[in-house]
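Here's the letter readout for the chains.
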Amino acid sequence: MADRRRAVRMCRSVWILAGIVAPAVCAAGADSGHFVLAGNEQVLQQWAQASGTAPPRLIEGGGGSDSTRLEWTGGVSYDFYGTNSRGGFILTPVRDDGSHNTAQIQTDVRSTGTDGALSWFTIGATFSDDRATIDHPMLINTVQIGHAGDSYRVALGDVPAGFSTLGTNTGLRGLLGEGYLGRTLFQAVAGVQADTWESIANEERRTRYQRNSYAFKVEQPVGEAFAAYATLQGYSDDSDAATAANTGLAPADGNAATLGFRFRQGGFSLSGEGGASRWKEQGQSSESDEAWIIDAAWQGEQLGFQAGYHDLGLFYSSLSGEALSGVSEVYGSASWMATNWLSLNGDLRHTENERSIPPTKLGQPVSFPYTPNAAEADSWSLGADVSISAIDGLSLQFSHSQSNGENDGGGANDQSNSAAGVSFSRSGWSTGFSLQQGDFENSAAAATDSETDGWSAYLGREWMEAENGSWSLGTTLTYSDQRQELDSGARNGSESWQVDLSGRHRRFGEFSALWYDGRVRDPSSGQMLDQRGIQFSAGRAIGRYGSIKAYYSRNDSFDDRNDIAYMERTLGVQLLAAF
Amino acid sequence: MISSDYRYRTATSILLALVTTGIAAQGVPRDENPLPPASEIKGIGASPTTPAPGAATGAFEDVQQARDALEELLRAYETGNIAKFQQLLDPSMVGYQVFLNGVRRDVAAYRNLRIHLTDTQITAGPDLAVIQTAWEKRFLAAGDFTPGIVTGRSSVLMHRDGKAWRLSAVALDNPFSSASGVLARLTVTPMAISEVALTDGAPVGVEVRDADMAGVETVTVTVSTANGDRETLRLPSATPGLFRILTVPIQVDPAPATPNNGLVEVPGPGNVTFRYVDPNPGNDRPPTTLTRVMRVL
Chain Z
18 MADRRRAVRM CRSVWILAGI VAPAVCAAGA DSGHFVLAGN EQVLQQWAQA SGTAPPRLIE
78 GGGGSDSTRL EWTGGVSYDF YGTNSRGGFI LTPVRDDGSH NTAQIQTDVR STGTDGALSW
138 FTIGATFSDD RATIDHPMLI NTVQIGHAGD SYRVALGDVP AGFSTLGTNT GLRGLLGEGY
198 LGRTLFQAVA GVQADTWESI ANEERRTRYQ RNSYAFKVEQ PVGEAFAAYA TLQGYSDDSD
258 AATAANTGLA PADGNAATLG FRFRQGGFSL SGEGGASRWK EQGQSSESDE AWIIDAAWQG
318 EQLGFQAGYH DLGLFYSSLS GEALSGVSEV YGSASWMATN WLSLNGDLRH TENERSIPPT
378 KLGQPVSFPY TPNAAEADSW SLGADVSISA IDGLSLQFSH SQSNGENDGG GANDQSNSAA
438 GVSFSRSGWS TGFSLQQGDF ENSAAAATDS ETDGWSAYLG REWMEAENGS WSLGTTLTYS
498 DQRQELDSGA RNGSESWQVD LSGRHRRFGE FSALWYDGRV RDPSSGQMLD QRGIQFSAGR
558 AIGRYGSIKA YYSRNDSFDD RNDIAYMERT LGVQLLAAF
Chain U
9 MISSDYRYRT ATSILLALVT TGIAAQGVPR DENPLPPASE IKGIGASPTT PAPGAATGAF
69 EDVQQARDAL EELLRAYETG NIAKFQQLLD PSMVGYQVFL NGVRRDVAAY RNLRIHLTDT
129 QITAGPDLAV IQTAWEKRFL AAGDFTPGIV TGRSSVLMHR DGKAWRLSAV ALDNPFSSAS
189 GVLARLTVTP MAISEVALTD GAPVGVEVRD ADMAGVETVT VTVSTANGDR ETLRLPSATP
249 GLFRILTVPI QVDPAPATPN NGLVEVPGPG NVTFRYVDPN PGNDRPPTTL TRVMRVL
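Heads up: the sequence lines are chains Z and U, in that order. Under the working numbering, read the first sequence as residues 18 to 596, first letter to last. Under the working numbering, read the second sequence as residues 9 to 305, first letter to last.
Think of the hints as simulated: they come from the structure by calculation, not from any bench. Check the hints yourself; a few may be wrong.
[Stated by the list, open to error] Pulled a few chain U residues facing chain Z out of the computed Cβ check, cut under 7 Å: (1) 100; (2) 155; (3) 161; (4) 194; (5) 197; (6) 230; (7) 300; (8) 303.
[Said to hold, decoys possible] Pair ranges (Cβ atoms, derived): (9) U:83 x Z:130: 38 to 46 Å; (10) U:202 x Z:544: 28 to 36 Å; (11) U:83 x Z:479: 16 to 24 Å; (12) Z:115 x U:83: 24 to 32 Å; (13) U:197 x Z:95: 53 to 61 Å.
Backbone N, C-alpha and C fix where the C-beta goes; we use that ideal spot for every residue, glycine too.
Work out the full structure: start from the sequences and follow the hints.
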């Protein structure tokens with residue numbers, strides 16, 4: 018039954034996609050006579066998008082056309098700080114009390130040849146003896162080496178590969194290349210998905226299986242506004258005993274192929290993609306599935322629309338972090354600048370979540386409820402911004418969002434949030450008041466069914482040296498109050514005052530200070546628990562390339578209840594140099 | 009549940025409307041400033057087709073801006089500012105409503121929520137940034153202020169939208185939304201035990217830490233042995249997302265086992281297998297069975 022339904026769904030989707038693509042291709046073909054080959058800038062921008070690095074710059078050689086130009090930028094920071102904590106690991110991230118050293122370095126070297134070819138090398142790393150910052154003494158943040166010629170690019174290292182929504186959209190550590198043959202763009206990437214560079218060398222540092230991956234993409238523009246593309250990708254987990262023992266997971270492999278298109282003309286855009294995949298977990302049978310997405314948008318001067326349909330099968334698997342499998346959603350949203358004092362935005366959608374329904378193929382008992390997430394939901398939201406023209410600086414904001422869902426096997430899963438606010442600013446003064454209200458009801462997680470109400474208000478003032486803006490000073494006083502009433506009868510709440518002060522002087526540098534003091538209502542005893550803290554930082558430039566900053570923070574929470582009381586304190590100084 | 013017919017009728021109607029609009033748009037005069045032929049097409053409010061001014065030269069700036077945008081998302085999540093969080097999402101994001109409903113569920117279930125990032129690695133370009141990070145989410149349960157912690161590792165994809173960075177997707181474990189997947193941890197203690205100790209009544213504990221299941225009262229773990237015994241354990245919730253039994257009913261019995269009698273019967277030395285089905289393990293995996301084996305020596 019499920020196979021038949023899937024087949025029907027696939028056939029229908031294919032026909033729909035074909036129906037969309039055909040007229041678009043025809044129309045684009047009619048304009049093909051106006052096509053202009055992509056210039057260097059376009060190519061470079063595309064490369065930047067694909068490689069995730071800043072696009073190479075074509076630099077005119079200062080000494081004539083036969084010169085080569087080398088650019089070197091970099092930065093280094095060093096922090097020396099002391100930490101102190103009380104309350105244990107569960108509530109405070111401080112690992113150990115004492116003094117720590119953390120240094121970060123990043124550098125980028127680019128060489129532009131006489132023919133415009135560009136080579137670059139980028140590396141960034143963190144060194145620290147503070148295990149709350151990095152787990153090991155050294156971490157390579159990013160590393161990449163590459164070369165860009167007139168019609169080809171290659172990069173080795175950290176390469177974000179953004180080929181398509183259903184195909185490949187992830188970061189890999191490996192080799193990426195692309196090149197143009199005529200107007201056809203070919204892209205390929207191969208590498209591993211790994212936690213860190215260090216984890217590639219050391220199995221013990223892996224929290225997941227290292228995933229060997231590859232992907233190809235071919236993209237063909239047709240006319241000025243239309244492009245069609247195909248992608249092919251696959252992966253295979255490196256099986257290792259340490260990760261198996263650590264996670265309890267079996268390694269998996271999979272592959273996927275997708276076809277897609279993009280069309281844009283004026284303010285209208287349309288894009289769609291369909292994909293089929295195979296996924297296999299070691300020791301289990303192979304699963305095949307498909308996915309379809311189509312999105313359209315139109316943006317006028319005052320009105321904009323966006324709508325789309327996404328349908329990704331539960332077992333659809335690819336290299337794209339965007340392809341959340343098991344979700345089917347149809348949506349429409351709009352934004353409208355109705356007048357010069359009123360703007361509205363709205364969103365309407367229907368969602369089905371296959372991940373909330375137990376699959377029949379598992380062959381063993383599952384929890385009931387299977388998940389606390391809605392299997393199906395209808396949602397809408399509406400927002401309005403109103404500018405009161407009669408009173409300069411006064412504006413109102415309203416928003417409401419609601420989702421009415423149903424869990425697997427019945428039972429409500431409803432949520433709503435409302436907010437209203439007014440703000441006013443004039444002559445350096447600013448003030449505002451806002452109200453929030455939220456309702457949550459879920460038959461599968463009834464312990465958290467609750468209603469939450471809150472309000473906050475603030476008053477601020479800014480001063481600035483009028484003549485040339487050589488100094489400025491600002492302060493804001495904020496009060497907020499929030500109460501949550503659970504259906505179980507428990508009640509918690511919080512109220513807090515916060516004062517912040519910040520200033521900047523062209524010669525002496527800048528500072529910021531924040532103090533807060535609040536009380537939290539313990540739902541189990543009704544007791545009010547104190548929570549207070551302070552943060553301060555001040556810094557100034559040293560010469561043209563350097564700066565120094567000192568900082569201090571302290572947070573004391575819930576001293577009246579021993580099992581959750583915690584305190585954390587940090588005092589440090591930072592030196593920074595960038596060139 | 010709405011039938012699949014209704015689902016397809018709705019989808020078909022909307023798609024037909026899109027097709028009609030698309031065909032109608034073909035009649036629009038040719039754009040005087042056409043985009044590059046192979047450029048990325050983005051919806052309203054999505055990434056532009058060209059890098060933002062200044063972005064081409066500042067790799068450090070890109071890294072810092074991407075990090076700041078992620079921090080802004082984290083602060084909106086921690087403070088339960090749903091309206092702000094919603095503004096930072098792209099409506100065309102796959103699984104938008106599942107993601108948002110998960111955030112709302114977390115806001116109702118947790119208090120004093122704080123997320124701490126470690127091992128953060130950022131690769132940023134003009135329009136695309138990949139942030140790989142490990143995270144620790146600390147909280148108090150809304151009902152009784154029991155402290156809890158969930159950990160994971162994420163790969164966050166962000167796209168530049170005009171001058172701002174917006175969340176595009178979260179791969180691996182999702183720190184923001186319990187509905188979007190975090191790999192569960194199944195722990196059995198001890199991992200190995202002697203037959204004598206088992207006979208003497210040494211405790212065997214089993215624990216499931218699954219943030220996606222925060223709020224439910226129990227989860228199910230199945231146990232199987234070499235002599236064909238198969239039992240279903242219901243682990244009660246200790247804190248949101250943490251379920252455990254400190255003493256599993258287990259005994260050494262060489263006689264043929266009786267499945268589903270509430271007692272795990274071990275014939276002697278061998279393996280006892282514990283299995284938990286994680287419905288939403290993250291990393292775009294379908295429902296996955298986690299397995300732990302306890303050796304009886």
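Structure-based check of all given hints:
The criterion of a C-beta within 7 Å of any C-beta in chain Z is met by residue 100 of chain U, whose closest approach is roughly 5 Å, and the hint holds. Interface hint at residue 155 of chain U: satisfied, since its Cβ lies 5 Å from the closest Cβ of chain Z, which is below the 7 Å cut-off. Proximity of residue 161 of chain U to chain Z holds as hinted, the smallest CB-CB distance being about 5 Å (cut-off 7 Å). Nearest Cβ of chain Z to the Cβ of residue 194 of chain U: about 5 Å, under the 7 Å cut. The hint holds.
Given hint, residue 197 of chain U at the interface with chain Z, is violated; its Cβ is 14 Å from that chain's nearest Cβ, farther than 7 Å. Hint status for residue 230 of chain U: holds, given a least beta-carbon distance of 5 Å to chain Z, under 7 Å. A least Cβ separation of about 6 Å between residue 300 of chain U and chain Z falls short of the 7 Å threshold, and the interface hint therefore holds. Hint on residue 303 of chain U is violated. Least Cβ distance to chain Z is approximately 12 Å, over the 7 Å limit.
Residue 83 of chain U and residue 130 of chain Z have their C-beta atoms about 45 Å apart, which keeps the hinted 38 to 46 Å range intact. Taking 28 to 36 Å as the suggested C-beta distance range, the pair residue 202 of chain U and residue 544 of chain Z does not conform, at roughly 47 Å. Range check, residue 83 of chain U to residue 479 of chain Z: about 22 Å between beta-carbon atoms, so the 16 to 24 Å window is met. In this structure, residue 115 of chain Z and residue 83 of chain U meet the distance hint of 24 to 32 Å, their C-beta atoms being roughly 28 Å apart.
The beta-carbon spacing between residue 197 of chain U and residue 95 of chain Z, approximately 43 Å, falls outside the hinted interval of 53 to 61 Å.
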